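Chains as they are written, first to last, in my numbering: chain A, 1 to 299; chain B, 1 to 299.
Watch out, some of these pointers could steer you wrong.
Identical chains share a label here; the pair holds if one copy fits it or two copies do between them.
[Unchecked claim] Pairs of lysine-lysine, BS3-like flavour, derived with a Cα cap of 30 Å:
1) K196 <-> K273
2) K274 <-> K196
3) K247 <-> K274
4) K37 <-> K127
5) K274 <-> K127
6) K274 <-> K92
7) K247 <-> K273
8) K37 <-> K153
9) K92 <-> K127
10) K153 <-> K273
11) K37 <-> K94
12) K50 <-> K247
13) K127 <-> K196
14) K37 <-> K274
15) K274 <-> K255
16) K255 <-> K273
17) K255 <-> K127
18) K196 <-> K53
19) K92 <-> K53
By construction, these hints were calculated from the structure, which means they are not laboratory data.
Predicted model only: the values in this text are computed from it and were never measured.
Protein chains: 2
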Amino acid sequence: MRLMIDRLIEGIQNTGNPTCVGLDTQLGHLPEGFAGKVDSFADAAAAIVKYNKALVDALCGVVPSVKVQIAYYEMYGVPGMQAFVDTCAYAKEKGLVVIADAKRNDIGATSGAYASAFLGETPLGDKALSAFPADFVTVNAYLGSDGILPFLKASQVRGGGIFALVKTSNPSGVELQDLMIGDRRVYEVMGDLVSKWGEDCIGEHGYSSVGAVVGATYPEQGAALRLRLPHTFFLVPGYGAQGATGKDLRGCFDKNGMGAVVNASRSILTAWKKQPGVDFAQAAYNEAIRMRDDIMEGM
Amino acid sequence: MRLMIDRLIEGIQNTGNPTCVGLDTQLGHLPEGFAGKVDSFADAAAAIVKYNKALVDALCGVVPSVKVQIAYYEMYGVPGMQAFVDTCAYAKEKGLVVIADAKRNDIGATSGAYASAFLGETPLGDKALSAFPADFVTVNAYLGSDGILPFLKASQVRGGGIFALVKTSNPSGVELQDLMIGDRRVYEVMGDLVSKWGEDCIGEHGYSSVGAVVGATYPEQGAALRLRLPHTFFLVPGYGAQGATGKDLRGCFDKNGMGAVVNASRSILTAWKKQPGVDFAQAAYNEAIRMRDDIMEGM
Chain A
1 MRLMIDRLIE GIQNTGNPTC VGLDTQLGHL PEGFAGKVDS FADAAAAIVK
51 YNKALVDALC GVVPSVKVQI AYYEMYGVPG MQAFVDTCAY AKEKGLVVIA
101 DAKRNDIGAT SGAYASAFLG ETPLGDKALS AFPADFVTVN AYLGSDGILP
151 FLKASQVRGG GIFALVKTSN PSGVELQDLM IGDRRVYEVM GDLVSKWGED
201 CIGEHGYSSV GAVVGATYPE QGAALRLRLP HTFFLVPGYG AQGATGKDLR
251 GCFDKNGMGA VVNASRSILT AWKKQPGVDF AQAAYNEAIR MRDDIMEGM
Chain B
1 MRLMIDRLIE GIQNTGNPTC VGLDTQLGHL PEGFAGKVDS FADAAAAIVK
51 YNKALVDALC GVVPSVKVQI AYYEMYGVPG MQAFVDTCAY AKEKGLVVIA
101 DAKRNDIGAT SGAYASAFLG ETPLGDKALS AFPADFVTVN AYLGSDGILP
151 FLKASQVRGG GIFALVKTSN PSGVELQDLM IGDRRVYEVM GDLVSKWGED
201 CIGEHGYSSV GAVVGATYPE QGAALRLRLP HTFFLVPGYG AQGATGKDLR
251 GCFDKNGMGA VVNASRSILT AWKKQPGVDF AQAAYNEAIR MRDDIMEGM
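Work out the full structure, taking the sequences as your base and the hints as a guide.
Now the structure itself:
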């Protein structure tokens with residue numbers, strides 16, 4: 001079966017752009033008047049889907065992937081969850097690789113239920129359906145292998161993959177992640193587990209279906225992890241609004257300029273705010289190109 | 001404002017029963033013929049809500065709380081999420097304290113979106129609505145304070161609380177959680193953070209709104225954590241189907257028999273399978289009483 005990690009890598013090669021756009025869309029990101037009167041979750045959901053579709057239309061030739069942060073859809077309840085489904089489906093239809101940023105985690109059969117929801121299928125009598133189909137889903141591996149293996153099993157349905165939190169981009173990530181366990185930091189222990197979980201699902205390009213979230217805001221640690229985990233693809237948040245720039249990212253890539261996909265959300269979703277008179281979708285496109293060039297220049 | 005941790009404790013006192021029933025309802029738990037033909041997510045969702053309501057009706061006098069595992073609702077897509085809402089609403093209506101077992105986690109504004117969804121409200125123009133209202137939500141604190149503080153802020157809307165994963169009940173939890181950081185294990189470091197986060201929201205009964213998940217399958221560690229974290233209430237999974245018994249739990253309680261709520265899911269949901277000829281709701285009631293007595297005998 002074709003692995004999504006290979007599709008992601010080829011998407012990056014085809015566009016020359018190792019980025020994904022974070023569709024963490026919130027009402028405050030939309031230009032005045034775009035949404036009309038928003039009086040219910042259904043109104044909010046409709047406005048967000050409309051905005052997302054316009055962005056996907058503008059970006060699908062130049063970026064290979066989107067990351068859809070499910071928290072911003074859950075906050076709009078059941079209609080928000082439908083907006084998440086519709087956004088993911090539209091992005092896939094337009095050829096983008098879809099990363100569901102859900103940071104799900106549990107154990108055993110419960111982890112299997114999440115895995116079915118995002119990467120696999122839910123059995124229903126004599127058939128099976130996909131609940132929130134994505135190509136990748138982010139996970140939190142604090143619970144260990146019991147929590148992760150069900151995702152690997154479900155990933156066999158469509159060749160999907162996961163990104164497990166290793167070194168997160170936020171300041172207080174260090175409270176636990178940077179503490180020492182013997183001669184390794186907690187995030188290195190986690191990285192080594194992630195590498196092990198991926199051993200049996202390495203794709204054609206040398207990277208496994210089990211990736212790691214490695215924040216751009218810690219460039220030295222990112223570079224060290226790149227060397228430590230040669231078969232682990234990185235999802236790199238923290239570019240743009242969180243402060244990291246193109247040159248901070250160099251170390252996250254391998255010697256071929258591969259091995260990482262860099263996310264930006266707010267800086268693209270709200271690019272129109274810094275480009276007066278430019279349509280929001282065009283502004284997002286402009287910012288995506290600027291980001292691509294900034295990152296490629298850093299290599 | 002009335003804190004939910006106080007309501008939970010008083011519910012336990014009033015029923016003399018420090019347990020919660022896990023509504024991790026799956027189609028396989030339902031008696032043959034209960035659901036009719038299930039051909040869609042909507043069919044599955046309807047059957048599960050019907051089952052849950054019957055269980056809530058049977059149990060609401062004898063247990064103080066339910067834990068609703070959202071993974072089993074997410075696997076049924078958008079209709080499943082509506083079933084989650086309906087289940088939580090019905091349980092609240094019947095006076096039960098509702099714990100959304102969602103293990104959500106992220107940073108900053110994104111964590112805030114999850115917090116709004118479960119504990120707070122989502123602003124919509126000049127009003128605000130609750131997406132998936134619960135009294136407590138479980139969280140994963142691998143990302144540190146940035147990920148937790150937004151939940152504490154949102155909890156001020158209705159006085160809700162959180163339970164953060166500290167020492168989980170599954171075998172592979174030890175892969176990370178039991179490693180040594182200086183003279184503390186990872187789960188002790190996490191426990192100490194949880195205790196600190198709860199310092200400013202301690203209720204009338206001496207326990208804070210920031211609880212900890214502590215698995216019943218590790219009785220010695222549970223007892224040591226009880227002494228270490230005197231203001232932290234424990235949500236204790238692993239009783240019943242996962243193998244722990246009443247006497248394994250003694251150490252999780254304080255000297256007044258308070259300080260923990262013990263969850264059982266499968267053993268109650270499927271109690272009818274071991275009580276031939278007994279109606280499923282009556283069988284669940286019988287098993288809830290047996291569990292209560294087993295735990296109270298262990299004290």
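Cross-check of the supplied hints:
1. K196 <-> K273: Answer is neither; intra-copy 44 Å and inter-copy 39 Å both fail.
2. K274 <-> K196: neither (44 Å within a copy, 40 Å between copies)
3. K247 <-> K274: within (22 Å within a copy, 63 Å between copies)
4. K37 <-> K127: between (41 Å within a copy, 12 Å between copies)
5. K274 <-> K127: This pair counts as between: shortest inter-copy Cα distance 29 Å, intra-copy 49 Å.
6. K274 <-> K92: within (29 Å within a copy, 46 Å between copies)
7. K247 <-> K273: within (25 Å within a copy, 61 Å between copies)
8. K37 <-> K153: Only across copies: K37 and K153 sit 28 Å apart there, 44 Å inside one copy, limit 30 Å.
9. K92 <-> K127: Classified as within; 23 Å inside a copy, 34 Å across copies.
10. K153 <-> K273: between (43 Å within a copy, 29 Å between copies)
11. K37 <-> K94: Within one copy only: 29 Å inside, 36 Å across.
12. K50 <-> K247: neither (34 Å within a copy, 56 Å between copies)
13. K127 <-> K196: neither (33 Å within a copy, 49 Å between copies)
14. K37 <-> K274: Classified as within: same-chain Cα gap 24 Å, cross-chain 55 Å, threshold 30 Å.
15. K274 <-> K255: This pair counts as neither: shortest intra-copy Cα distance 34 Å, inter-copy 61 Å.
16. K255 <-> K273: neither (36 Å within a copy, 59 Å between copies)
17. K255 <-> K127: neither (45 Å within a copy, 52 Å between copies)
18. K196 <-> K53: neither (37 Å within a copy, 43 Å between copies)
19. K92 <-> K53: For K92 and K53, only the intra-copy Cα distance (11 Å) is at most 30 Å; the inter-copy one is 38 Å.
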